[in-house]
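Sequence lines, in order, name chains A and B. The first sequence begins at 1 in the working numbering and counts up by one. The second sequence begins at 252 in the working numbering and counts up by one.
Careful, some of the hints might be misleading.
If you want the ones that stay clear, here's a sample from chain A, every Cβ over 12 Å from chain B, calculated [claimed, not checked]:
1) Asp184
2) Arg225
3) Ala230
Residues on chain A that point at chain B, a partial pick, calculated with CB under 8 Å [unchecked claim]:
4) Arg83
5) Gly126
6) Asp127
7) Pro171
8) Pro178
9) Ala180
10) Ile183
11) Ala190
12) Ser196
13) Leu197
14) Pro199
15) Trp206
16) Asn209
Derived by calculation from the structure, the hints in this document are not laboratory data. We put the beta carbon where it would ideally sit given N, CA and C, even for glycine.
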Amino acid sequence: MTNARPMRGAIITVAGQKGGVGKTTLAYELGAVLDVAAIVDLDFHGGGVTNLWGFAPRNAQRAPLLDALESGRTPRPKHRPNRPSLVPSHPDLSAADLDADDVAEALSRWAVDWAPKPIVVDTHPGDHWTTNGALHVADLVVVPVPPGRREIAALEDMLSDYRNFPILLVPNMVPRTPPAWWIDRLEALARAANVSLAPPISEHRWLRNRLLTTPVTRQTRPGRRTELAAQQFRAAGQRAAELCQQTTTAA
Amino acid sequence: MSADNDSSVISGLRATRAHRQPPTRRVVPGAVAAPHMTDTPAGSPAAGASGSREPASVLNDDPTPTRASSPKQTAAPRRDVLTIALDDPTTNYAVRVRRTLDDLLSQQLGELRARGTRSSKVEITELLLWELAQSTPSQLDERLAEFRRHAPR
């Protein structure tokens, strides 16, 4: 029996209905840990991986993501030492005359062109056609879940909207003493929706204001707190890689 | 999806809660007031070698006694210097203090600024609490009694 589907790298979409849950940081670190072909930044509002990576799309002459989506060509990711490669976002993406199918189709094509390396996609929070496109073709949807009432409510909605999607929940920004109600709720939601859980990532508040643009998992000569954060991101990345392998083998 | 992995994540989170420690009682080394805590004669070699003019040195984490072990020193509880991490979570104190103390603090902050040191009320409060961590209950009792004589409530 032949497999008609061309071989392609896994597509890992980092998504969440709520903003500020740590999608961008997680996407950036996953990109570094999994040595991806590229991180595709679909977060067009300036706070995404593009900014973290140190790229200013408004000062650039070209918009590789928009050009690629509109022309149907595969973009050339940008490279910098010690950083995962990037297809940077552009503010005009929100107003582009495209839809979720265009994004899904483009990502599938790029995954074939960049095979066997995976792609990590950073998304805009909430319901948007760019996010939906990336979710529909994802081999794994990674959802960071910090301990908070509204975050859990948003997760509940997301799990109900995206039933049967291959979802990995990453307990994120977990304080030293995580709230008992949150652990119970997380467990119940994961069990009810039959989704997986990654090893937790602690609350590293210094990460928000970190000036270095290299991922912590690739920082040379890391300090104690950086090394701790890096270990946790690596563990989450390893879990994501295992699940990707399971889903792609099953497909 | 592997149920084993998921349950280990949840049990790990629960274990983190279960193993949480209550705040540790901070113990100040017995030799805080080093100069008057020793029975060793001032001219003796032990007193000279230990640097008895540096009470701060007995506050460090070095477990070795700084001078020949006198009975008083070994009996006293040891308190380590409290270290506060940069990323320690913060908490809000809703504290009402009398105006005089607030004015005094503002004035002292102004004087500090004139000397080129910038600080804040929060930092000074933290400094006082940090100093408090090095007090023994009896020292605290004495200080409290003294304070109450001048500022009854």
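The hints, checked one at a time:
1. Asp184: 9 Å, violated
2. Arg225: Not fine: 7 Å to the nearest Cβ puts Arg225 (chain A) too close to chain B.
3. Ala230: Given a closest Cβ separation of 15 Å, the condition holds.
4. Arg83: Arg83 (chain A) check fails; min Cβ-Cβ to chain B is 24 Å, beyond 8 Å.
5. Gly126: 25 Å, violated
6. Asp127: With Cβ-Cβ at 25 Å, over 8 Å, it is violated.
7. Pro171: Since the shortest Cβ distance to chain B is 7 Å, the answer is holds.
8. Pro178: Interface hint status for Pro178 (chain A): holds (5 Å vs cutoff 8 Å).
9. Ala180: 6 Å, holds
10. Ile183: This hint holds: Ile183 (chain A) lies near chain B, its Cβ roughly 5 Å from the closest one there, short of 8 Å.
11. Ala190: 6 Å, holds
12. Ser196: 4 Å, holds
13. Leu197: 4 Å, holds
14. Pro199: It holds, given that the least Cβ distance between Pro199 (chain A) and chain B is near 6 Å, below 8 Å.
15. Trp206: With a minimum Cβ separation of about 5 Å from chain B (threshold 8 Å), the hint on Trp206 (chain A) holds.
16. Asn209: Violated, about 10 Å.
Checked against the numbered hints above, the structure breaks hints 1, 2, 4, 5, 6, 16 and satisfies the rest.
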